[in-house]
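Student: Protein chains in written order, with my numbering: chain A, 1 to 119; chain B, 1 to 455.
Keep in mind that the hints are not guaranteed to be accurate.
[Stated by the list, open to error] Covered by chain B, per the in silico footprint, the following chain A stretches (three or more residues, Cβ under 8 Å):
#1 37-50
#2 66-80
[Unchecked claim] Pairs of lysine-lysine, DSBU-like flavour, derived with a Cα cap of 35 Å:
#3 A:93 - B:118
#4 B:61 - B:118
#5 B:71 - B:209
#6 B:159 - A:36
#7 B:47 - B:101
#8 B:61 - B:71
#9 A:5 - B:159
#10 B:159 - A:85
#11 B:209 - B:118
#12 A:65 - B:61
#13 A:5 - B:118
#14 B:61 - A:41
Hints were generated in silico from the structure; no laboratory data involved. Please read these numbers as outputs of a predicted model, since none were measured by experiment. From the three backbone atoms N, C-alpha and C, an ideal C-beta is built for every residue, glycine too.
Chain by chain, the residues run as shown.
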Amino acid sequence: MEINKDLIAASSTPIVLATLAKRESYGYAILKHVQKASEQKMEWTDGMLYPVLHRLERLGFIEGKWKASTSGRKRKYYRITSRGKSQLAEELKQWQAVDATIRGMYPTLRQSLISPSII
Amino acid sequence: MQKNQTDQLEKQISQWRNFLTNRQVIHSNDVAELEDHLREQIAGLVKAGLAADEAFLVAVKRIGNLDELSKEFAREHSDRLWKQLVLTSQDTSQPENRNHKETIIAFGLAILAGLLIKLPALFGLDIDHDASFYMRNVSFFVLPVLAGYFIWKRDVSHKTAIGAAAGLIAGAIFANVYPFISGGSTESLTSLHIPIALWIIVGMTYAGKRWGDMAGRMDFIRYTGELFIYYVLIALGGGVLTAFIFAIFNSIGFDLDPIVASWIIPCGAAGAVIIGSWLVEAKQSVIENMAPVLTQLFTPLFTIVLVVFLATIVLSGHGIDINRDILIAFDLLLVAVLGLLVYSMSARAPQARPGAFDVLQVILLASALLADAVALWAIISRISEFGLSPNRMAAFGVNIILLVNLAWSAVLYVRFLRGRTVFLQLERWQTNYLVVYAVWAATVVILFPPLFGYK
Chain A
1 MEINKDLIAA SSTPIVLATL AKRESYGYAI LKHVQKASEQ KMEWTDGMLY
51 PVLHRLERLG FIEGKWKAST SGRKRKYYRI TSRGKSQLAE ELKQWQAVDA
101 TIRGMYPTLR QSLISPSII
Chain B
1 MQKNQTDQLE KQISQWRNFL TNRQVIHSND VAELEDHLRE QIAGLVKAGL
51 AADEAFLVAV KRIGNLDELS KEFAREHSDR LWKQLVLTSQ DTSQPENRNH
101 KETIIAFGLA ILAGLLIKLP ALFGLDIDHD ASFYMRNVSF FVLPVLAGYF
151 IWKRDVSHKT AIGAAAGLIA GAIFANVYPF ISGGSTESLT SLHIPIALWI
201 IVGMTYAGKR WGDMAGRMDF IRYTGELFIY YVLIALGGGV LTAFIFAIFN
251 SIGFDLDPIV ASWIIPCGAA GAVIIGSWLV EAKQSVIENM APVLTQLFTP
301 LFTIVLVVFL ATIVLSGHGI DINRDILIAF DLLLVAVLGL LVYSMSARAP
351 QARPGAFDVL QVILLASALL ADAVALWAII SRISEFGLSP NRMAAFGVNI
401 ILLVNLAWSA VLYVRFLRGR TVFLQLERWQ TNYLVVYAVW AATVVILFPP
451 LFGYK
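Chain B with its partners taken away, still in its complex shape:
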């Protein structure tokens, strides 16, 4: 090939590369792989007698239509799609319109959720005096609206929509028919577990048709983490705003305390769930997901703390000081470790080889399991002393469920590190396990109150 021909070809190839790089779902490594292919193909064609520019055209055509290719890549790498949303051409036809409409619907639904939470007040139920009613029922003012949002957005099947409605109604029945003894622990357990049991219904509407696949459920896990972070951020902002409202209105002699307590806080808290969800949906394309970033930051720190904790037990010979709340403390530890595991998993490229971070995860898992085992052993040996209250039974159940999950995760992880299994198995285990949490939470809601005499 002559020099100017080569230059021309290089220019064409670099243009083609830019085209490809703009498809966010095709990463730079894939571009390099495809470019290598293109160059090989061109070299082969030139050898067969074609001119460089002809060879380029033929080679590009053989690589295939870039839209279809990106779609194919998106199908294989749905995790990338989540990170950098490039809903392909079918959705880009009227993106402006759709985005605009979605914004209006999201804010409309947020206002609806905010108003729904005030609905019981019309019937004389007041947040201050009937706090337990609100605690048990808060899910039913927010989750139906949220499920409705996803039913609209994902255009889910009628079957899923009806199933979601049935689940929410069943939840509402169990929250309200039992004759709870006021201030008892079964009532607060019900309040705590109802949102967990019903969250899976949100998941079914969120994932729609993809609820059956691992990828759909993994996206739901991602969404949950991001929503949590957005919610905390919105709550912080809301706190600042209410502080200002107090201060400035006080300065002109108005006491807004009652309005803030009975309107701004409850309505804001309900609406923020919808706004947070909408933000997660809308902002996927703008920023890197936050949950995985936080996990990367805290996994090493948690690991160090746990390893030092275990070393201190061994070296000092101090046993765990058993008291009533120790189980809850260790439950929270396992929840934190599970969160670190799941959210680092959600951002990990599934085909990546085991790396240093994976080893760190295994150390974290192993030390958390060991710490929990020590605590559990101490508790079981003295369980007769405390008796089985509903709270302890619930805390115990959660501990076992998390322990089983983490123990099997650790086994799968070690097998993955040793090349015996693929990372996919770990993801599958976690996504399948989602059902276990919902079933346990439903058990607590449905069986615990009658079992413990509604106390």
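So that you can see chain A by itself, here it is in the shape it has in the complex:
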């Protein structure tokens, strides 16, 4: 199963914020974390993560800081701000509402989707 592009774009903000809510991180590690958490279902084009991070930084939801990595290269680490945390709470509420709506329709949906073709 592949998740469609619009859904990936729409979910990028809460997913990145949720990843950073646990601990500060950098681009590559965020991507790996998301792949693992989604069991490889969320396939982001790697480069596209960075404009998302920069947008969240501009909006003040996360803060970036250049540090030396273990390999000696400089690496930009991001951490969530308090604004970011309240944004995350807000986004989660919205996703739950969407999720609940779809779930509420699920029993009837399952009948109409499954009955004609499969059974």
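Following the hints, put chain B in place on chain A, whose structure we already have.
Tutor: For chain B alone, coordinates are given in the frame of chain A:
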């Protein structure tokens, strides 16, 4: 990895880095960030058993198509786009043709504006004798052409184009229907405020669909500043040119005074607005914007002057000597401070942390507010003595409008310095406030003449 493999990989990575660096919208810091990502990805893949060159290819592919990536970066960092215009592939298909066509159109429109300004002369209205007519109407010879240029260039919607035309016509009506008493102050106030009220219409055509966004309006602010600078430069050059015309033709016994006064200066001044706008559009990619550079230079100087001024008031105990023009002087001070604020903002990376320059801006804002408050206090206490003439009322209104803007900007700025808000809020405040200037200018044009009996 073996040594020659590593060397090969380094070579490939540096090639890739060069590719990326050539995309001007992706800055060196972003390249470093993406390169770190690429290297991590390669290391992971090599660990999983891929050869270095295979790992490189896979990692590059995962980073994604560079055209799409630059477009995505450009969307997020539109300020960079403005500084180093890299209108992406869709526009680069026939850049030569388009540039060529645009040059011809811009010069054609400049000539049109130059001729339009001579149109009233056909009906016997002469610049010397009917100066007040020209003062009130000069906007209507230039701004429609300028708006037309942007309507063509931005391919704006019909709705915006019709709205712009309606606004310009409404302006022309208010400039000409009132029975102004000749030489009165309401007439000169109208002349002064009409271009300000109508400038926002140029903004709507300039920004097109992006007028609703903050970024679109910010670009309009940038454009306004750059146009002003180009205009001043063109005017200086024009001055030199006319001086030469006088001198050399005088030497062979021709007096060109009448031609210069009635043709070269007015037509040149009108055409220069279009040429200046075209230059701003065309040269965005060539030079760093000038307005922000000038702000960086003058913000410290203005701050020092204002702080010394306030200190002198306190130490010497001298109050502000109230006279009739004091309000205008302080209005101009606030305009200058606002310009410094807005143009340093327009060049600032919005996600940058508060720095020393931001602190300087706050000191500038605070000292300007304090100085203006002192002046305003002194004026209000003696307003009955002077009476409320239209000029004083207009100057007073402008002062209040600017004071409110700067005071709230100072509050937002301090909150930003303390980490309570993001810089975006300041930009949003400024871009939303553009409407206030236009509304005030329109109020002066529409209400002041009847209110003060057209005097």
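Student: Now, for every hint given, state plainly whether the structure supports it.
Tutor: Taking the hints in turn, this is what the structure says about them:
1. 37-50: holds (count 5)
2. 66-80: With 7 residues in contact (Cβ-Cβ under 8 Å with chain B), the coverage given for the region 66-80 of chain A holds.
3. A:93 - B:118: violated (64 Å)
4. B:61 - B:118: violated (61 Å)
5. B:71 - B:209: Given that 35 Å is the threshold and the Cα spacing comes to 18 Å, the pair holds.
6. B:159 - A:36: Judged against 35 Å, a Cα distance of about 49 Å means the pair is violated.
7. B:47 - B:101: With a Cα-Cα distance of about 55 Å, the restraint between residue 47 of chain B and residue 101 of chain B is violated, given a limit of 35 Å.
8. B:61 - B:71: holds (17 Å)
9. A:5 - B:159: Between residue 5 of chain A and residue 159 of chain B the Cα gap is close to 33 Å, so the pair holds against 35 Å.
10. B:159 - A:85: With a Cα-Cα distance of about 41 Å, the restraint between residue 159 of chain B and residue 85 of chain A is violated, given a limit of 35 Å.
11. B:209 - B:118: Holds, at about 34 Å.
12. A:65 - B:61: Holds, at roughly 27 Å.
13. A:5 - B:118: The hint is violated at about 58 Å.
14. B:61 - A:41: holds (18 Å)
Comparing the model with each earlier hint shows violations of hints 3, 4, 6, 7, 10, 13; every other hint is respected.
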